[in-house]
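Chain order of the listed sequences is S and B.
This note's numbering applies: residue 513 is where the first sequence begins, and numbers increase by one.
This note's numbering applies: residue 513 is where the second sequence begins, and numbers increase by one.
It is worth saying that the hints were derived from the structure and are not from the lab.
Being a predicted model, the structure only gives us computed values, none of them experimental.
Cβ coordinates follow ideal geometry from the N, Cα and C atoms, glycine included.
Careful, some of the hints might be misleading.
[Stated by the list, open to error] Only part of the chain B face toward chain S is listed, based on derived beta-carbon distances under 8 Å: (1) TRP578; (2) CYS592; (3) VAL602; (4) VAL667; (5) TYR676; (6) PHE682; (7) GLN686; (8) SER688; (9) LYS712; (10) SER831; (11) VAL836; (12) ALA850; (13) ALA851; (14) GLU857; (15) TYR881; (16) SER882.
2 protein chains.
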Amino acid sequence: MNRTLTTLRVFNHNSTIPRIRSMATSLARHKIVVCTDLGPAAPLLTGRDDLDVISWTENRSCDRAWLLRNIVGAAGVVVCFQNAVDRELVDAAGPALRVVSTISVGHEHIDLKVMAERNIQVGYTPDILTDAVADSAVMLALMASRRAGQSYSFVQNNQWPSFYWTPFAFCGPQLSTTPFSPTRTVGFLGFGRIAHAVLKRVAAFGITHCIYTPRPGAADQSVRDVRLRDAHGLVSVAPVDLLTLARESDVLFVLAPGGATTRHIVNSEFLRQMRATSVLVNNGRGSVVDSAALARALADGWIWGAGLDVVEEEPQVGSDHPLVREPRCVVLPHIGSAASETRAEMATLTACNVLAGVMGEPLPVAIDYSTIA
Amino acid sequence: MNRTLTTLRVFNHNSTIPRIRSMATSLARHKIVVCTDLGPAAPLLTGRDDLDVISWTENRSCDRAWLLRNIVGAAGVVVCFQNAVDRELVDAAGPALRVVSTISVGHEHIDLKVMAERNIQVGYTPDILTDAVADSAVMLALMASRRAGQSYSFVQNNQWPSFYWTPFAFCGPQLSTTPFSPTRTVGFLGFGRIAHAVLKRVAAFGITHCIYTPRPGAADQSVRDVRLRDAHGLVSVAPVDLLTLARESDVLFVLAPGGATTRHIVNSEFLRQMRATSVLVNNGRGSVVDSAALARALADGWIWGAGLDVVEEEPQVGSDHPLVREPRCVVLPHIGSAASETRAEMATLTACNVLAGVMGEPLPVAIDYSTIA
Chain S
513 MNRTLTTLRV FNHNSTIPRI RSMATSLARH KIVVCTDLGP AAPLLTGRDD
563 LDVISWTENR SCDRAWLLRN IVGAAGVVVC FQNAVDRELV DAAGPALRVV
613 STISVGHEHI DLKVMAERNI QVGYTPDILT DAVADSAVML ALMASRRAGQ
663 SYSFVQNNQW PSFYWTPFAF CGPQLSTTPF SPTRTVGFLG FGRIAHAVLK
713 RVAAFGITHC IYTPRPGAAD QSVRDVRLRD AHGLVSVAPV DLLTLARESD
763 VLFVLAPGGA TTRHIVNSEF LRQMRATSVL VNNGRGSVVD SAALARALAD
813 GWIWGAGLDV VEEEPQVGSD HPLVREPRCV VLPHIGSAAS ETRAEMATLT
863 ACNVLAGVMG EPLPVAIDYS TIA
Chain B
513 MNRTLTTLRV FNHNSTIPRI RSMATSLARH KIVVCTDLGP AAPLLTGRDD
563 LDVISWTENR SCDRAWLLRN IVGAAGVVVC FQNAVDRELV DAAGPALRVV
613 STISVGHEHI DLKVMAERNI QVGYTPDILT DAVADSAVML ALMASRRAGQ
663 SYSFVQNNQW PSFYWTPFAF CGPQLSTTPF SPTRTVGFLG FGRIAHAVLK
713 RVAAFGITHC IYTPRPGAAD QSVRDVRLRD AHGLVSVAPV DLLTLARESD
763 VLFVLAPGGA TTRHIVNSEF LRQMRATSVL VNNGRGSVVD SAALARALAD
813 GWIWGAGLDV VEEEPQVGSD HPLVREPRCV VLPHIGSAAS ETRAEMATLT
863 ACNVLAGVMG EPLPVAIDYS TIA
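The whole structure should be built from the sequences, with the hints applied where relevant.
Right, here's the structure in full:
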């Protein structure tokens, strides 16, 4: 268990929250604005009479105007990726604002430079979603290779009753190894915590080789790689260059963060090097993959299929989007971490972060500005 | 590696086929009727000039009349589950018929009593599809819990651009354990080779407990269960009664064979005992699950979701079928073993079985009548 979750566990026990509660009684009544649904964790905030909690409750994304109006005098604000937290918002809040708590691992919507200037703590929810996203990545790998989107639509569209079964109908490459096809290589673009969790899962399908591209300037990881190899019974775990990653991956998992440095790493040049039987999975950031290039790669058979939880144009990904129209492309609406247990834990941590912040306590899990800038 | 695959591997090497070839030159030219597509394995038969191979090539299921006309004088016939092999067919073939080779693990379409009477060998393709079906079972478990059918349709139906994201949208139970939700029980109705392969895979998702219903009168398997438990790092592997299986499974995999003894084991009474967060996966036989009862269980929230590769009414499962209409039911058109590698291996074994049979050799993998009757 890692540090974050240990901290969260402490917060879920009775030891810490009562301490905050007792402090609160000696302080002014704090205002917290909540822009998103915290589900089962909401009562951690709304159930307290020492707080003034204002929640957005409409069944649509929180209005910017509503937020600007209500944040005046707030000590804390709970946001999700849809709510930009910038200089304008901080100015509207005024000097009472001590903490921004986002229910996300990403923080592109928060201007960290402004937060640092104003000494506003920023809480977020990393790590917790690792298992849920890893589950989703394995699901997408299976769905893309085994044509689950196509065959699901086939049944939905009333085609099963007239299906002419043949031994090779709906066939696609097998994720697991077999005695006659005894090797399989998974590649990772982005080899962090989620990638390791995916590797653990796919190893049980008989995967034999793991390759990944290290971050530029990253320290040698050969000791860790041997440990991973042995822990999962693989033949090898090895860093490779980008071209080798494209050429040798049977399944390529894109789990890299967004931003300018990773934009369109998966482009036409990369995709042309992949195998005709290979599958691309993107659970990272849409911007890493060039949508137009991927649509062409699928249409022209450079690769077998794709499973995407993120798309660079999201949410402007309509039914006429070239990737949605590709029969061997499974597009899901960014639900990689949408597992009930995980989202409840994220919501709980989000509530605990904002609570600690308004009380002037260190947050259970805060963004360290010094590592960002 | 098991016996079947070792035998098949021998067949894929050069040692055995040339021996058959040399024998064939000293024998009459054998007639083989092929009713189904053998894909990359077809040339094993059609590429030989010592055989008279007649293949059904139309893009629809093989006509019975065509088969009855062409089987006259045949020494071997290659069939799939769509082609009934009964007394009428054997009579039409005449005394030359030595072997029926089916590209399937099931043999409900073959009258084994008649085959035994006439001393006709029956080849089939068990075991090979274990890994492909296990992959598909894990995929269906993930799809059913994480609402992949619903969310895939959502994107296909142009709904992503207007999606109001909230932290609990599209959430469903998480297959993998988390530090806050640290136990998970998988149940198996039918605990044979495929179930063991599924168990190996889901163990890597952090599953902690495995329960199964033993076959009536089966020998004690506690030694095997301890071995499975330790091999996969589980807390326990244990036989239970049917009621406990229903009550305690977070994910229930139906992998039982068909027939009268297993018909509708999963009925209303069973489903009412399951948890509201549990998921049912059927990769076994459709007849084991009462479709009407399952549709009601989903509609009324007795269980969370279902992933079905088989349905009792198949292929008469149209878009108006109550299970196809249930949003949390993922129905796929019986493609559990439809992985390219596996189907190519099944086709190769099917070709090798018919070849050996017409030459009067023992089949690489034959049905042993004595264990059936």
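Hints and how they fare:
1. TRP578: Not OK, violated: B/TRP578 not within 8 Å of chain S, min 15 Å.
2. CYS592: Interface hint status for B/CYS592: holds (7 Å vs cutoff 8 Å).
3. VAL602: Result: violated, 23 Å to nearest chain S Cβ.
4. VAL667: 5 Å, holds
5. TYR676: 5 Å, holds
6. PHE682: 5 Å, holds
7. GLN686: 4 Å, holds
8. SER688: 4 Å, holds
9. LYS712: 6 Å, holds
10. SER831: Given a least distance of 4 Å, the restraint on B/SER831 holds.
11. VAL836: Holds, about 6 Å.
12. ALA850: 5 Å, holds
13. ALA851: The hint holds - B/ALA851 has a Cβ within 8 Å of chain S, the shortest such distance being about 4 Å.
14. GLU857: Hint on B/GLU857: holds, closest Cβ of chain S at ~5 Å, below 8 Å.
15. TYR881: 25 Å, violated
16. SER882: 27 Å, violated
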